[in-house]
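A.B. asks: The residues making up each chain are set out below.
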Amino acid sequence: MIPHAFEVELQNAVTDVLESMCFLSLLDQDAAATAAETPSVARRLDFRGSFSGSFGLRAPLETASIFAGNLLGQDHEELTEQEIGDSVGEIANMICGSFLCRLETKQPFDLTTPVVDATSEAGEGSMQRFTKDFVVEGGLLHTWLRIG
Amino acid sequence: MSYNVLIVDDSPSMRKIIRRVINLSGFDATTCLEAGDGVEALSVLDSSAVDLVLTDINMPNMNGEELVARLAADPKRSTIPVLVISTDRSEERIRKLIMLGACGYITKPFVPETLGAALSQIVHGGQA
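Heads up: the protein sequence lines correspond to chains A and B, in order.
Numbered per this note's numbering, the first sequence spans residues 1 to 148.
Numbered per this note's numbering, the second sequence spans residues 1 to 128.
In short, the hints are calculated from the structure, not lab data.
C-beta atoms are modelled at their ideal positions from N, C-alpha and C, and glycine is treated no differently.
Take the hints with a grain of salt, since some may be wrong.
[As the list claims (entries may be wrong)] Which chain A residues face chain B? A few, computed with CB under 7 Å, are given here: (1) Asp86; (2) Met94; (3) Gly97; (4) Cys101.
[Said to hold, decoys possible] Pairwise CB distance ranges (calculated): (5) Ala72/B / Asp110/A: 21 to 31 Å; (6) Glu77/A / Thr114/B: 22 to 32 Å; (7) Gly148/A / Thr31/B: 36 to 46 Å; (8) Asn4/B / Glu7/A: 43 to 53 Å.
[Claimed, not checked] Chain B regions said to be covered by chain A (calculated; three or more residues, Cβ under 8 Å): (9) 9-16; (10) 106-120.
Assemble the whole structure, with the sequences as input and the hints as a guide.
C.D. replies: Below, the structure is given as structure tokens:
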């Protein structure tokens with residue numbers, strides 16, 4: 001179960017990034033009721049600072065292409081898979097950074113370059129793992145967080 | 001008046017996004033040059049007239065902190081304003097970059113109005 005403070009700040013970070021950079025809003029709908037789609041685009045990155053761990057997100061290809069199109073200002077149907085994947089990586093980077101800054105304002109942190117997430121989301125060792133799904137205009141956004 | 005802007009970020013997508021946001025902001029950029037890290041940025045600065053540098057922090061070869069410090073220490077380039085764009089908005093990081101010589105610091109995500117205001121402020125001699 002995701003701690004309430006984390007859930008609130010993660011939602012604030014997702015809202016901030018998607019509204020300001022992709023011009024998309026979160027919808028007040030039950031994510032569990034939204035049908036899962038495949039194939040999907042997934043990116044993850046690691047962070048180190050007051051908190052250390054990993055953050056990742058996954059979206060159906062169609063949803064990811066809408067994110068990328070809005071982010072880059074291009075028709076989403078004309079984007080390559082590379083452009084879509086890179087854009088989802090940038091979105092992951094911004095959400096993670098925004099989330100961490102909401103938890104810790106004084107100490108800096110480092111983020112790694114987002115990479116394709118082909119791993120399972122299972123926790124590693126003593127790391128705590130949380131997941132949270134969001135319904136966005138255009139589809140479902142699945143996020144996960146591991147904190148050591 | 002319009003300006004030549006150098007965007008320094010190791011992500012081609014982020015460079016494209018920043019270029020787009022500059023256009024949306026209404027800031028008058030004649031040319032948006034690009035570099036993938038601090039080393040490339042110095043090379044671009046050697047060959048092109050640049051009025052303003054926008055740089056990320058975490059990059060390979062030469063990161064944004066070193067780039068800011070190198071520009072500040074170079075008498076020929078110390079007058080070129082540098083705006084740092086990063087996801088990290090911690091007080092310590094911002095203080096360090098400003099001490100090194102950055103003119104301003106804005107955090108991702110950002111809206112066009114925020115970037116446009118920061119750019120305008122900097123080219124008119126202020127800090128953002």
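A.B. asks: Decide, hint by hint, whether the structure agrees.
C.D. replies: Hint check:
no., hint, result
1, Asp86, "4 Å, holds"
2, Met94, "5 Å, holds"
3, Gly97, "3 Å, holds"
4, Cys101, "5 Å, holds"
5, Ala72/B / Asp110/A: 21 to 31 Å, "23 Å, holds"
6, Glu77/A / Thr114/B: 22 to 32 Å, "30 Å, holds"
7, Gly148/A / Thr31/B: 36 to 46 Å, "45 Å, holds"
8, Asn4/B / Glu7/A: 43 to 53 Å, "45 Å, holds"
9, 9-16, "holds (count 6)"
10, 106-120, "holds (count 5)"
Hint violations for this structure: none, all hints satisfied.
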